[in-house]
Amino acid sequence: MADVALKEPALRRSVFEGLPLASRAAAACALEPLPPATRLSVRGRPGVAEAAAGALGFPLPTDVCRAAEAGGRAALWLGPDEWLVIAPEAEAATLPAALETALAGVPHAVVDISHRNVALAVSGPAAAYVLNHGCPLDLSLSAFPVGMATRTILGKVEVVLWRTGPDSFRLECWRTFAEWVVAFLNEARREFD
Amino acid sequence: MLIIRCPICGDRPELEFRYGGEAHVARPAATEALDDQQVADRLYMRSNPKGLTVERWRHVHGCGRFFNAVRDTVSDFFVTTYKAGEPRPDLDALKKEAVR
Ligand SMILES: [Zn+2]
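So the protein lines, in turn, are chains A and B. The first sequence lines up with residues 1 to 193 when you count with this note's numbering. The second sequence lines up with residues 1 to 100 when you count with this note's numbering.
Hints were generated in silico from the structure; no laboratory data involved. Note that the structure is a prediction, hence the values are computed from the model and not measured. Each hint should be verified, as a subset may be incorrect.
Claimed, not checked - Here are some of the chain A residues that sit facing chain B, going by a computed Cβ distance under 10 Å: (1) Asp-81; (2) Asp-138; (3) Leu-141; (4) Thr-152; (5) Val-159.
Unchecked claim - Which chain A residues stay away from chain B? Per the calculated CB distances, all over 10 Å, these: (6) Arg-12; (7) Ala-22; (8) Cys-65; (9) Gly-79; (10) Pro-80; (11) Glu-82; (12) Pro-88; (13) Glu-100; (14) Pro-107; (15) Pro-136; (16) Ser-140; (17) Thr-150; (18) Ile-153.
Claimed, not checked - Pair by pair, the computed Cβ-Cβ distance ranges are: (19) B:Gly-10 <-> A:Val-106: 38 to 46 Å; (20) B:Ala-40 <-> A:Pro-20: 32 to 40 Å; (21) B:Pro-28 <-> A:Ala-93: 25 to 33 Å; (22) A:Gly-54 <-> B:Arg-18: 46 to 54 Å; (23) A:Arg-190 <-> B:Asp-92: 39 to 47 Å; (24) B:Gly-20 <-> A:Arg-175: 23 to 31 Å; (25) B:Gly-85 <-> A:Ala-27: 49 to 57 Å; (26) B:Ala-33 <-> A:Val-111: 25 to 33 Å; (27) A:Leu-141 <-> B:Gly-85: 29 to 37 Å; (28) A:Arg-175 <-> B:Ala-33: 47 to 55 Å; (29) B:Ala-33 <-> A:Gly-54: 47 to 55 Å; (30) A:Val-111 <-> B:Thr-80: 31 to 39 Å.
C-beta atoms are modelled at their ideal positions from N, C-alpha and C, and glycine is treated no differently.
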């Protein structure tokens, strides 16, 4: 039998590596990759929201299209029975188990989707304007205030958009769409170059 | 772009939605008792009216929920939307309201 030695895993590379994120347009709209994170899809009936506080430190938000955040963790309302939990990468092994414990007895599903998504910070005075090139939502502060988060579309891609500040958004897209999303946003902000 | 009111999320752009066919098409209780014609009718025959029609829509790029909508097939105007499971609204009353 051939002697097969397991190699050290190849160095981890971000999908954003080598993509043209730096631009003179960054003063108007900057694109910055956000670090890898633990991402969990949590599904369940309303009882899940309160029970999850046992693991997260705060209940899942039940207000439509809102995010809750504390202690480096965030939970985004995506649907009446669906949340996206984002936490530091170091919690990848512990948080799902903690949630399972907290949710024991309440019908639920916790699925690790950490590596399905990647995230970009889109920020600057023209951030909403640039996103609106492909996102048909009203992104004015009155219609889409700080703390609002929702699944929506950007061009042809489904994304999760979370307004983290008046001029800053967290944009989550599927990993394989990242290159397309960056190309799209670069095209959209070209007028500021 | 059309604005469609999701009964959960509120007013949202039409690109976030997907059409789901005619609403309130009930599955018969005893499908084994149907003849071929009845099965074909249930699967394929739709009312296709000119005017108000009741349809299923899904907020697929939003909250993910199915809901029902009353749409005017002449003007493409969404008269009203309501949650799945709620009864079909009185179309005659809606028509009168629309005229007013
Ligand atoms: Zn919705």
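Checking hints one by one. Is Thr-152 of chain A an interface residue toward chain B, by the C-beta closer than 10 Å rule?
Holds: closest Cβ of chain B sits about 6 Å from Thr-152 of chain A, inside 10 Å.
Is the hinted range of 29 to 37 Å satisfied by the C-beta distance from Leu-141 of chain A to Gly-85 of chain B?
At roughly 35 Å between Cβ atoms, Gly-85 of chain B and Leu-141 of chain A fall inside 29 to 37 Å, so the hint holds.
Closest CB of chain B to the CB of Glu-82 of chain A still more than 10 Å away:
Glu-82 of chain A not clear of chain B: closest Cβ-Cβ about 7 Å, inside 10 Å.
Status of the given 49 to 57 Å range, CB of Ala-27 of chain A versus CB of Gly-85 of chain B
The hint (49 to 57 Å, Cβ to Cβ) holds, given that Gly-85 of chain B and Ala-27 of chain A are roughly 50 Å apart.
Does the Cβ distance between Ala-33 of chain B and Val-111 of chain A fall inside 25 to 33 Å?
Since Ala-33 of chain B and Val-111 of chain A have Cβ atoms about 41 Å apart, the given range 25 to 33 Å is violated.
Would you check whether Val-159 of chain A satisfies its interface hint, that is, whether its CB is within less than 10 Å of any CB in chain B?
9 Å, holds
Do Arg-175 of chain A and Ala-33 of chain B keep their Cβ atoms within the hinted range of 47 to 55 Å?
Once the Cβ atoms are compared, 50 Å apart, the range 47 to 55 Å for Ala-33 of chain B and Arg-175 of chain A holds.
Distance rule for Pro-80 of chain A, whose beta carbon must clear each one in chain B by more than 10 Å:
6 Å, violated
Given as non-interface: Glu-100 of chain A, partner chain B, CB spacing beyond 10 Å:
23 Å, holds
In terms of Cβ atoms, is chain B entirely out of 10 Å range of Pro-107 of chain A?
Given that every Cβ of chain B is farther than 10 Å from that of Pro-107 of chain A, nearest at about 18 Å, it holds.
Would you assess whether Pro-136 of chain A, listed as outside the interface, keeps its beta-carbon beyond 10 Å of every beta-carbon in chain B?
Non-interface label on Pro-136 of chain A violated, nearest chain B Cβ at 4 Å vs cutoff 10 Å.
Against chain B, with CB atoms and a cut of 10 Å, does the hint on Asp-81 of chain A hold up?
9 Å, holds
Hint violations for this structure: numbers 3, 8, 9, 10, 11, 15, 17, 18, 19, 20, 21, 22, 23 and 26, all remaining hints satisfied.
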